[in-house]
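Peer 1: Got chain L sorted already, so can you dock chain G onto it with the hints?
Those sequence lines, one after another, are chains L and G. Per this note's numbering, the first sequence starts with residue 301, numbered consecutively. Per this note's numbering, the second sequence starts with residue 375, numbered consecutively.
Keep in mind that the hints are not guaranteed to be accurate.
If you anchor each label on the Cβ, the simulated ranges turn out as follows [unchecked claim]: (1) A917/G to A402/L: 31 to 41 angstroms; (2) A391/L to L921/G: 40 to 50 angstroms; (3) G624/G to G395/L: 44 to 54 angstroms; (4) L438/L to A917/G: 30 to 40 angstroms; (5) R925/G to A447/L: 27 to 37 angstroms; (6) A405/L to T896/G: 18 to 28 angstroms.
Not the full set, but computed from the structure, chain G residues with beta-carbon under 10 angstroms of chain L [as the list claims (entries may be wrong)]: (7) G457; (8) G461; (9) F468; (10) A471; (11) V529; (12) W530; (13) L564; (14) A568; (15) V632; (16) L634; (17) L681; (18) Y685; (19) R715; (20) R716; (21) D931; (22) P940.
No lab work stands behind these hints: they were computed from the structure. Cβ coordinates follow ideal geometry from the N, Cα and C atoms, glycine included.
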Amino acid sequence: MADPRRAPLPAPPGDGAPAMPSEPAGGHSASGLPSDTGPPTAPGTVPAPAPAERDGTDAPARRDGADAPAGRADVRALVRVQLRIALQTAAIVLGVIAAVPALLALTPGLRGLRLLGLPAGWLLPVLGVQPLWVLAALAQLRRAERAERDHPAPPGRS
Amino acid sequence: MTAPAAPAALAALAAVLALNAALGLHGRRSARTTSDFLVASRGVTPLRNATAIGGEYVSAAAYLGTAGFVLAYGTGTLWLPVGATAGYVLLLAFVTAPLRRSGAYTVSDFAEWRLGSRAVRRAVTCCVCCVGWFYLLPQLQGAGVALRVLTGAPVWTGWAVIVVVAVALVASGGMRGITAVQAVQFWIKLGAVAVPAVALLAIWHAGGDGASAGDRPARFERTTRLHVETGVAMTVRHAVTVTATGRLDGVRHDRAAVPLTPGRHTVGGGAELVFPPGADVPCAERLPAPDDGMWAAHFGRPTGHGLYTTYSTLLGILLGTMGLPHILMRFYTSTSGRSARRTAALVPGLLALFYVFPALYGTLGRLYTPELPMTGDIDATVLLLPLRAAPGLPGTLMTGVVAAGAFAAFISTSCGLVVAIAGTVTQRMRHRDGVAAFRIGVVLALAAPLAVLPAIGPRDSTDLVVMALCVSACSLCPLLLLGIWWRGLTSAGALAGLLGGGGLAAAAGVARLVSGPGTGWTAVLLAQPALVVAPAAFTVMIAVSLLTRRRAPRRADAAMARLHLPDPAPVR
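Next up, chain L with everything else stripped away, as it sits in the complex (with noise of 0.2 angstroms):
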């Protein structure tokens, strides 16, 4: 039942993965085979869908359809979860990006602030920015996967 579903798509990362990233350099010479013979495989697994399609036109799509109704609501749900999420950390970035030209105008009044000789022009954006974008990488990771987490597992994949 996996196979036919699986067809249209690429192969699953499992398949390929162990073999091709060390592959595009890694055995250019070493392997006799250059890096492409990464990509070759996925080009070839990427045609795939239209004969696939073309072929069992109905058999893929009338298993889709059979599970359409749980599983693209589903599916629906949870990209909006994740895009919802996404678009929090979003708002977060362009906010900061945005009140840039604020900042700088700002920095020249408070030059009474030095750290080690350092104006507050260079430390508001080495230390006092960046590790904001540290913390907002990892609170989107965790918000991420709880969001999988969290998520129903469809019956027909695990």
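Peer 2: Structure of chain G alone, referenced to chain L:
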């Protein structure tokens, strides 16, 4: 003048080359068997892969360009690396996990898989090439400047070194692709820039020279005697009286006090100028004018141009980071979408740590190498600073260390880009046999930037990298975002957006390369088109997709499921 640095620089170059060769050989030997491939790739932890991404990302612009920009234009330019790090946060939020789950190796693979269209694949390949070529320019340029200021060799020696090393490493299969090697490169670069930086900071404090480190464009902190090696055209912003020996504005002087009015002046080769303390450092004509960019916000009210440039540059960097082909390829090494996401979450931390140090060099450069904006070699700040601050053996040793990091930066990024371009192009030539096609790809990847380099003259690396990021922001970024998050994207929509956005951004980049910095809105738009073109590319993609709604790929729903459903439970 730079003689003491030459042996150190050459030793550093030799050491980096030897290290790369050794790691490459080691990699080849250990990659002999397929089972080694399996073990290696399964064993790549998020931290290790994140370090490898850092290693690949830290390029000439990050290593040399950041410091140069701070030196020339003040600390306002430190917001550019802030934008780059933020780009990785967006990459994490929107792209990494789904892209990894799609199983695509390159962006072209992703596009063809998602939209089932060969035409889109070709358009993506063109965009990848454009981004890669624009991104290779600063690497070659940086290598040329580094070798020239350190050893006095002509700039093309630097280009030649990079080309030869990249071809040798990529073609012999060493180095690239083996995650451990890229990870080691990151730590080399971090150490090479950090250790001397800390030492220099200590020297600066011990010297008691307090107030340098300004927010404004560079000025001379003390009476400064400048020896101009090769003739230069420069722009003086505020009237200043200098003591000149040699040719100035076509007139020969001998220790005469010469008032310089604001405007353009030429200095002949071999001339010597003495500037009083507090004078603004004149700016080489080929550099962007200091009061025309985001840095201008420091001077009272921000102008319309300055505000536009600030936002446009930052948006280009922010979105462009999402579409860098050599970085996206790296995530393929992660074993699952989840692991790719964890990898991406660590990258901002590594970059935030790294960027502290180039920023430090730029600030210290104000004191020790204030003349670089005048000669135009702002990329050389990091390389020249150690010997100026600590003449003698300590300075020479530090120069060697810093130079080694710089060479590692050029080499690893160049190799990553060459592999990314060649790998993407090669897939289009499937009728040829693999090895030959890949070699053609490598030649193609390097030939284009090499053909352009002599024509464009010296440029600073940050400027060039921003161009590359802008092309990526206007083409690959919309494709990835919409392809991953919107099931309604059609191949016609993607094609229209890619050709329109990517085409315009690349055309603006080429126009900029040909024309050089200018003034007025046309020049501003050409220099930083991202704020206009990127939203336009998104709009075109969405609009055309809506118009061709009927032709939306039928498996869009299956694709969305594959992109977003959690990875299957790992097999243990």
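Peer 1: Could you run down the list of hints and mark each one as holding or not?
Peer 2: Consistency of the hints with the structure:
A hinted range of 31 to 41 angstroms holds for the C-beta pair A917/G and A402/L, which are about 33 angstroms apart. Distance hint check for A391/L and L921/G: the Cβ-Cβ separation is about 29 angstroms, which falls outside the suggested range of 40 to 50 angstroms. The hinted range of 44 to 54 angstroms is satisfied by G624/G and G395/L, whose Cβ atoms lie roughly 53 angstroms apart. For the hinted restraint 30 to 40 angstroms between L438/L and A917/G, the CB-CB distance of approximately 37 angstroms keeps it satisfied.
Between R925/G and A447/L the CB atoms are about 32 angstroms apart, so this pair conforms to the stated range of 27 to 37 angstroms. The hinted range of 18 to 28 angstroms is satisfied by A405/L and T896/G, whose Cβ atoms lie roughly 27 angstroms apart. Because the smallest distance between the Cβ of G457/G and any Cβ of chain L comes to about 7 angstroms, under 10 angstroms, the interface hint for this residue holds. Taking 10 angstroms as the C-beta cut-off, the interface hint given for G461/G holds, the closest approach to chain L being about 9 angstroms.
Of the supplied interface hints, the one on F468/G holds, with its beta-carbon coming within about 5 angstroms of a beta-carbon of chain L, less than 10 angstroms. The interface hint given for A471/G is met, as the beta carbon of that residue sits about 7 angstroms from the closest beta carbon of chain L, less than 10 angstroms. Hint on V529/G is violated. Least Cβ distance to chain L is approximately 28 angstroms, over the 10 angstroms limit. With a least beta-carbon distance of about 26 angstroms to chain L, the hint placing W530/G at the interface is violated under the 10 angstroms criterion.
The beta carbon of L564/G comes no nearer than 15 angstroms to any beta carbon in chain L, farther than 10 angstroms, and the hint placing it at the interface is violated. Residue-level restraint check for A568/G is violated (minimum Cβ-Cβ distance to chain L is 13 angstroms; threshold 10 angstroms). Annotation: interface hint on V632/G violated; nearest CB of chain L at approximately 32 angstroms, more than 10 angstroms. At a threshold of 10 angstroms, the smallest CB-CB gap from L634/G to chain L is about 26 angstroms, leaving the interface hint violated.
A hinted interface residue such as L681/G counts as satisfied when its beta carbon comes closer than 10 angstroms to some beta carbon of chain L; here the least separation is about 6 angstroms, so the hint holds. For Y685/G, the suggested interface contact is upheld, since its CB lies about 8 angstroms from the closest CB of chain L, less than 10 angstroms. Interface restraint check for R715/G: the shortest CB-CB distance to chain L comes to about 6 angstroms, inside 10 angstroms, so the restraint holds. Against a cut-off of 10 angstroms between C-beta atoms, the interface hint on R716/G holds, since the closest Cβ of chain L lies about 6 angstroms away.
A cut of 10 angstroms between beta carbons decides the hint on D931/G: the least distance to chain L is about 6 angstroms, and the hint holds. The closest approach between the C-beta of P940/G and any C-beta of chain L is roughly 4 angstroms, which is under the 10 angstroms cut-off, so the hint is satisfied.
Of the numbered hints listed earlier, those contradicted by the structure are 2, 11, 12, 13, 14, 15, 16.
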